[in-house]
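Trainee: Okay, here's what each chain looks like letter by letter:
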Amino acid sequence: MNEPAAPKPAPRIAIVGAGPAGCYTAQFLRKRWSLADIVIYDRHDAPYGLIRYGVAPDHLGTKAIAKQFDRLFARDGVTFVGATDIGTDLTLDQLQADFDVVVLATGLWADRMIDTFHSAATTAVGAAPVAAAPLAGVYGAGRLTRLINGHPAESVQGLHIGRRTVIVGNGNVAVDLVRLMLTPAEVLVSHGVPNEVAAALTAGPLEHMDVVGRSPVYAAKFDLAMIRELGKLDDVRFTSDSPGDDVDENDETAAQAAGTDAPADGTAKADAIRELVEGSSPTATRTVAFHFGWTPDRVFASDAGEVGDAGEAGEARVSRVTFTATPGAGQRDATLELSTDSVCTAVGFTETEGALLRRDAIASPTADLERGLLADGLYCVGWFRRGPVGTIPANRADARTVADAIIHDVEAAAAVLEAAVTST
Amino acid sequence: MKFVILYGTESGNAETVADDLVDELSADNEVESIDMTDAELDTLTPDAFFLVVCSTHGDGGLPASAVPFAELLDAERPDLTGIRYAMFGLGDSSYETYSRGSERIDERLAALGAIRVGEYGRHDASDGSLPNDTALEWARDLVSTLDDVAAVA
Chain D
373 MNEPAAPKPA PRIAIVGAGP AGCYTAQFLR KRWSLADIVI YDRHDAPYGL
423 IRYGVAPDHL GTKAIAKQFD RLFARDGVTF VGATDIGTDL TLDQLQADFD
473 VVVLATGLWA DRMIDTFHSA ATTAVGAAPV AAAPLAGVYG AGRLTRLING
523 HPAESVQGLH IGRRTVIVGN GNVAVDLVRL MLTPAEVLVS HGVPNEVAAA
573 LTAGPLEHMD VVGRSPVYAA KFDLAMIREL GKLDDVRFTS DSPGDDVDEN
623 DETAAQAAGT DAPADGTAKA DAIRELVEGS SPTATRTVAF HFGWTPDRVF
673 ASDAGEVGDA GEAGEARVSR VTFTATPGAG QRDATLELST DSVCTAVGFT
723 ETEGALLRRD AIASPTADLE RGLLADGLYC VGWFRRGPVG TIPANRADAR
773 TVADAIIHDV EAAAAVLEAA VTST
Chain F
2 MKFVILYGTE SGNAETVADD LVDELSADNE VESIDMTDAE LDTLTPDAFF
52 LVVCSTHGDG GLPASAVPFA ELLDAERPDL TGIRYAMFGL GDSSYETYSR
102 GSERIDERLA ALGAIRVGEY GRHDASDGSL PNDTALEWAR DLVSTLDDVA
152 AVA
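Residue numbers (the working numbering), protein chains in the order written: chain D, 373 to 796; chain F, 2 to 154.
Derived from the structure by calculation, the hints contain no laboratory data.
Some hints here could point you the wrong way.
What the hints assert, rightly or not - Beta-carbon label-pair distances, calculated as ranges:
#1 F/R117 to D/S562: 37 to 43 angstroms
#2 F/S145 to D/D732: 56 to 62 angstroms
#3 F/E31 to D/R646: 36 to 42 angstroms
#4 D/P760 to F/E72: 26 to 32 angstroms
#5 D/T451 to F/K3: 33 to 39 angstroms
#6 D/D748 to F/P79: 45 to 51 angstroms
#7 D/S527 to F/I116: 55 to 61 angstroms
#8 D/A769 to F/D148: 34 to 40 angstroms
#9 F/R117 to D/I734: 38 to 44 angstroms
#10 D/E579 to F/D75: 47 to 53 angstroms
#11 D/T696 to F/D20: 48 to 54 angstroms
#12 D/F445 to F/T38: 24 to 30 angstroms
#13 F/I35 to D/S406: 17 to 23 angstroms
#14 F/E72 to D/G530: 50 to 56 angstroms
What the hints assert, rightly or not - To list a few chain D residues with every Cβ distance to chain F over 12 angstroms, as calculated:
#15 D442
#16 M598
#17 T694
#18 E709
#19 D748
Ideal placement from N, C-alpha and C gives every residue a C-beta, glycine not left out.
From just these sequences and the hints, can you work out the full model?
Mentor: What follows is the structure, given as structure tokens:
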């Protein structure tokens, strides 16, 4: 009756991946269990994953979230073990043997590819594109943002952005690329972008960018604040091929089919693009053309013999890209053809080929992904749990859900144990 | 004195500010920190002084954890006469809607009769700094003002 409350459980917890999902999970678990051993492993020397290597370097407010996480290691007694790859340096089995709870938070950071864009297609009319080595001049946004953020495993070798580039995608990563590529090299460097990367991005220098999205403007994935930010760039004229003022009924339907909360949100997106276009200087020497409602079709290479000074001798390089009108997106023309010297695809992320930790391979028959449970004592969180959708705050909410599940499971097991002890 | 820190957060920064304010104030006071998501109308009592810490999300919107609180105030329209509070907003001045999320809460509280006291504190993330030190300085100044008010009264 007058016994003191049982001490809170102090499980040993390993978290694999020191990106936002892993760090938020550690925060929530630490709040509940002040005495638990919590260790976060990462394959990189330095923690914070996407915040370090994926967030644009000029977005200081978002970068500052990492400072919040510094407190975990500096003050809250969470241990960071870097340069440790789970699967090679340590096996998952070893980790599970050493810890009561293991949480996988390794994210999904490989660029999603567009088959016909990332392999050299034959230029012969009517011939099927041939899957081959990646075509020179076609880059994934993940690689570019890692380069821009000084990722140790990325090299600037082979990167050449010339005078005309095409950005494929209309999410926030695509808008990041538009902004960063039009930012002067010295400003990039002042934000910590490596000199050689800043030089490669601005070497052209860029005179024209085409930004091509599959959705109509109403269903575009970018955030309004991201578009408004583009208005601050110097010497850029923006254009858009999206239809005029009112929400077209077809567009609205397409937007709803695409799962956005259109039309209210969608109208705001159309307005933001229109304001950007109308507010830009008609005499600017650089242009950015937004194209909405176009689905990637193919890339075409210049003949090996025509390669300019940018390419290596005999290297086939992108010279032209085509898109087809997305069904229901309200485009009048059937195809869009753009000439270009480089293509950057920002169309999402996926599982790395040959990844050592694959969720589907690890999940047991009793897995409950809604709670992040993969197997007894084994959990997953963030993009590794849900797939590559949602921002950093969404992964905080995700971390809370999974941390709550872990807390519930561990405390329920402790209560069962205590009841068994008491009844004997 | 009894303080209640009400925080609205999206990426967790406002929550760490609330944690630091608890540490700072709890030496001399009774302090409680509550996520706006968990706030109920009973939380809003005149015997406490409220420190409202709220960030801004996206295009000047409320952070996720403040949305249920705003909806609660809009739906119930409680009479907040006698409630005193101070505001601290988090934002990024490179956006036009700097600190707007906190203002959305401030407007609601004021419209329902609560009285805002002291300086409207703000932190600007555009320099990459954390809001915590700015918030602690703001809270110290505020509390000294409250002491003056109490001494006069």
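Trainee: State for each hint whether it applies.
Mentor: Verification of the hints:
1. F/R117 to D/S562: 37 to 43 angstroms: Holds: the Cβ-Cβ distance is about 38 angstroms, inside 37 to 43 angstroms.
2. F/S145 to D/D732: 56 to 62 angstroms: 58 angstroms, holds
3. F/E31 to D/R646: 36 to 42 angstroms: 53 angstroms, violated
4. D/P760 to F/E72: 26 to 32 angstroms: 30 angstroms, holds
5. D/T451 to F/K3: 33 to 39 angstroms: 37 angstroms, holds
6. D/D748 to F/P79: 45 to 51 angstroms: 47 angstroms, holds
7. D/S527 to F/I116: 55 to 61 angstroms: 60 angstroms, holds
8. D/A769 to F/D148: 34 to 40 angstroms: Since the Cβ atoms of D/A769 and F/D148 sit about 39 angstroms apart, the hinted range of 34 to 40 angstroms holds.
9. F/R117 to D/I734: 38 to 44 angstroms: Violated: the Cβ-Cβ distance is about 52 angstroms, outside 38 to 44 angstroms.
10. D/E579 to F/D75: 47 to 53 angstroms: Once the Cβ atoms are compared, 50 angstroms apart, the range 47 to 53 angstroms for F/D75 and D/E579 holds.
11. D/T696 to F/D20: 48 to 54 angstroms: 53 angstroms, holds
12. D/F445 to F/T38: 24 to 30 angstroms: 27 angstroms, holds
13. F/I35 to D/S406: 17 to 23 angstroms: 20 angstroms, holds
14. F/E72 to D/G530: 50 to 56 angstroms: Once the Cβ atoms are compared, 52 angstroms apart, the range 50 to 56 angstroms for D/G530 and F/E72 holds.
15. D442: 9 angstroms, violated
16. M598: 9 angstroms, violated
17. T694: Label holds. Min Cβ-Cβ 34 angstroms, cutoff 12 angstroms.
18. E709: Check passes; 34 angstroms lies beyond 12 angstroms.
19. D748: At roughly 29 angstroms from the nearest Cβ of chain F, D/D748 sits farther out than 12 angstroms, so the non-interface label holds.
Checked against the numbered hints listed earlier, the structure breaks hints 3, 9, 15 and 16; every other hint is satisfied.
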